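Colleague: Each chain, written out:
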Amino acid sequence: MRISTNLMQQLGVNAILDQQTQLSKTEQQLATGLRIVTPADDPAGASRVLSLTQASGITGQYQNNITAARNSLTLENSSLTSVVDLLQRANELALQGNSGTVNNQGRASIALEVQQLLQQAKGLANTKDSNGAYIFAGYKSGTQPYTQSGSSYVYNGDSGQRMMQISDGRQIAVSDSGYNVFGGINNGNGTFAAAADASNTGSGVIDAGSVTDSASYVSGNYNVVFPQDTAATGTLAFNDANNNDTLTYTLNINGTTVYTVNNSGSPINSLSGLATQINASESTTGVHAYATGGKLYLANSTPGSNPITVTEQLSGASDGNSDTATGYFGSALNGGSNTSSTITYSPQAATSYLVEDASNNVVTSGAYQSGNEIAFNGMQVSVSGAPQTSDRFTIGPSTSQDIFTTLQNLADALNQGVTDNASQAKLNNSINGVLSSLDASLNNVINYNAQVGSRLNALDSQESVNTNLIQLLAQTKSQTQDLDYASAASKMNQQLVALQAAQQSFVKIQNLSLFNFL
Amino acid sequence: MSGDILNVGTSALLAFQQSLNTTGNNISNVNTDGYSRERVNLATQPALNTSIGAIGNGVQISDIQRLYDNLIGVRVNDATASQNQASTYNGVASQLDSLLGSSDTGLSPAILSFFNDLQGVANNPSSTSDRQTLLSDAQALTGQFNFFSNQLSGMQSNVNGELSSTVTDINSLATGIADLNRQIASIGTTGPGGPSDLLDKRDLLIQQLSKDVAVSTVRQSDGSVNVFIGSGQSLVVGTQAQKLSVVPSQYDPQRSEIGYASGTTTTVISEQLSGGKLGGLLQVRNEVLDPAQNAIGRLSISLASDFNTQHKLGVDLNGNAGKDFFTVASPRVLDNSNNTGTDTVSASIVNSGDLTISDYRLTYTGSNAYTLTRLSDNQTFSINTGGTYPYTTNAIDGISLNIAGGAAVNDSFLIQPTRNGANDISLSISNPAEVAAAAAVTAQAATANTGSAGITPGTVNSPNDNLSVVFNNPPTSYDVTDSTTGATLATGLTYTSGSNISFNGLTFAISDGGTAPAAGDSFTVNRGVTAADSANAGGGLIGPAAVSATDPNLTDPVTITFNNPPTSFNVTGSTTGTPVTNVPYTDGAPISFNGWTVAISGTPAAGDTFTVKPNTTGVGDNRNALLLAGIQTNKSLDGGSTSLQDAYGQLVTDVGTKTHQSDLTQQAQTAVLNQAQTDLQSVSGVNLDEEAANLVRYQQAYQAAAKLISVSKNLFDTLLSTFQ
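In order, the protein sequences belong to chains B and C. End of the first sequence sits at 540 in our numbering; the numbers just go up one at a time, nothing left out. End of the second sequence sits at 722 in our numbering; the numbers just go up one at a time, nothing left out.
Excised from the complex, chain B in its bound form (with noise of 0.2 Å):
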């Protein structure tokens, strides 16, 4: 075939061109460090080294989210702690203000630095952060979380909690509501709440109590009442010895009729409508009247040392002592020398005890001994000590309580004198229901710190699984884009070889030229 002189050129220079491309081709490669340098190198990896580079950058995200996590979370952390510390003073103190040993002077010193324990605590509460958000508002950050408004504390905040993201489909609370952490605590045993009434005049002490089977359990208001033990039946007899009078029949509580009936009437003939009749005038009298187990019981409706007077009385008898009646008290009453009985009860040291519930129905009762279980409904208490009669102690479903009122309630506790059994028992009651809220204050804050470490835990492992991920992704990335240098090396060598081999050859070929031989 012929070649033309022109192309012959023309192919030599194309193939020195052709070779430079490529010689500069792997120069930029090699420059770069590259080996996609534009996505036409390779259009599938380029893709793939931008979703790598968004993982990566992404992940880093994550990983300053992490920090940030970890920063909030070691500051609930340490108020945690703190918090959790003040609680355990506090219960010491407490422990120490409820025993006998202490004197009235000890037991104020106690309450002066509870009080301190107080401020505390309040200032844990409203922590802020080095943003100045505070911690435990839950989203209302930038609202000071407890207040106080008179003797109460409110909560300003919500119960928003803040989450981060610290990995794809991953988030992590970085923060608690500070009514949970520090509000809603339940008083009491948790389920309910037992409390000695703030008139009792006996030395009786309650205690906390517990559920002893959670599916009998009714949750409601109950007193433990010790009442008056009479010897009252349900029957109520007349002797009309002549059948000539209206015989006439007047039970006085306290001064106060609260039933009058006579011989052509139907009196009351049982102990439960004896009781609804006396406790008609309740309000009146200031005396409530209980019917169980075959018995009537009297107590007042608030207790206080003030006897219970029963007074009955026979009128309309013309015939003296032949006219008879015979009392719901027992009393033998006639028309001539006993027209009227009274008796008195007065306060003395219980002997039997009853549980009503809210609508004065009687739960349980029984004869009381120091320290008995007393158990109705799926719960039980216990009281120990003296009760004097017509003390009571309620019992009522827990109500949920801060922390801060928890305290002041027990600043208030010890700052009451004792000056006998009866205000010790006092004191040994209100101690002992500040004890349980503590306890479940600590408990609270306790769990929360928990989560709050679990939390800082699970930081840490997400932390190392991100950071392979990150490395990963790196290596992949790398391998994907990156230039294998020793290959490209080989390859620039080869490129120049051949560039000089055309370059040469072609210097050669165009100096070959017939007319240099004419």
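Don't read these hints as lab results, they were simulated from the structure.
Below, computed lysine-lysine pairings styled on DSSO-like, alpha-carbon distance capped at 30 Å:
#1 K321/C <-> K633/C
#2 K47/B <-> K530/B
#3 K513/B <-> K499/B
#4 K513/B <-> K530/B
#5 K611/C <-> K144/B
#6 K199/C <-> K241/C
#7 K633/C <-> K499/B
#8 K47/B <-> K513/B
#9 K611/C <-> K150/B
These stretches of chain B come out as covered by chain C in the derived footprint (C-beta under 8 Å, 3 or more residues):
#10 26 to 36
#11 61 to 69
#12 74 to 81
#13 153 to 162
#14 183 to 195
Nothing here was measured: the structure is a model prediction, and the numbers come from that model. C-beta atoms are modelled at their ideal positions from N, C-alpha and C, and glycine is treated no differently.
Keeping the supplied structure of chain B fixed, place chain C upon it in accordance with the hints.
Modeller: Showing chain C alone in chain B's frame:
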């Protein structure tokens, strides 16, 4: 006798002189473009036939031959056209390729920093500096989108410019060819080779024309050549050159097309043209620039509208409802300048997740019927307005068309849903406090609750949630469920044909179409796109959904109170959703009213209450910021299979692949062209060695012929001396 020798010698001398001359001409034109080597063909002079045989009379030049092969010439032209098309394509595509792939100019880093900033806001929602950083990087992101848009527009106008200069070139080449045709025809093909310098020039012009556009040539008997382009449009016929022109597109005045004048009308022939620079420019514009502009546009629309939707579900630092974060581009609708009717069409985006990167053409076919054609695959959608105007279509590929009516048959509109996306995106808010990082509602358990149940802080339902409306038996009532959250929104609502149904900020109507809906019939609203289940037995129709940001009752306070026994609860406060009394309680199940969803879990006690209220001072709330950050990896595009990053990766891969392929094509076509040129050169090219040999050969022959004359003279001299 001797006179004969002299004649023979003279003829040889003349022949070889010409041969030397031609060799010299070959040598001197060794570097002339388009020159075809020539050869002197010799033949014997007619002999003198005598009784003793033929007596030779010497040599004569039969012709001076131009060595050229038309077939190979056509191959060279074709290869030139293909090679130029590929290299023009590659040149434009690789510009875009470098732009997309560069770590400095690519979109990826801007998207990444924007979303990382959102995590920063989520970490510290009340910090103004974190919010400010987010806004700055949002500004950078929209700037990056705008930058891309400008670059692509610049490339488009470069294409326009190059089309124009190429057309000018084509016209001048066509005129040159026509002129040469005239000259060649007037000279006539006198010799076998013809006027070789003119032929060389014309072949060269045709080859140069092939660089601009693929041509086909037909030789005429008078020696002229007719040149055709495209699908047979004549560019040169005899001595007449036809002019091409650059005309604005009938839809878009900014876009140049190639016009071909026939008679008084100019027809657009862009689609018929191929090969050469022109073919390469038109192809790269259709295959690379337009889709890339649409893809970037779709990316920005999808990002901006998803972000806006979520942003409006939140509240800002001042407790105000979130506003639009970005300004989102509207679809572009272009009228055909040839339309004769008065119809106007506008388009709006219903579901950015369904958008494609294609353009669409809407054509009125008469009798209230329109045909919408998706130009990427020519899929057609029929629209019948039923004669009611203005008519709003259901969403097609995420867009809804509003047709005003008044079209004449064959009127058409070009709809570009995403073309302006990257150009028109901008940041709508400038105050850092207006970043809605918090959720609009917050749920709370009452402090007096005695049960142990807790409530989630609540999420705001998005209008992008999927709704499902299912008719009960009998179909006089229906239930509404949010299938995204799994929450029941309402049960037992009474069905009234055509009355509005509003949930989660979506308002739509179901009406009787011929027959009423049947029991069990279901209708869905999927990211704002309404549809009736294909298995429905009844004839119920669902209309398009109107979207507002949230439920109108969203921030009305609502209280959930547990009944005794606490196995059900009542809801008070103005509510969207039913029932509100004796709602059965399921531990942990979603509860949805007023466009929010909460879950209560644990054991509530009778009388326990939970409230859902507007989140007014929740400056530390980052729930919405976390949801906004999730948009980065949400697979919201292409029917839920593609994330923003995936879509960007697709674009980079697509442009990269096309660049790579065009590079390979270019290399292959270069090889083909080289081969064709080698073949042509082996026929027409000058080889100096060959010419040197010829020089020697003809010189020797010339010397011999001269000797012949010398011999003849000697003979004559001998004869003369005899008579002295």
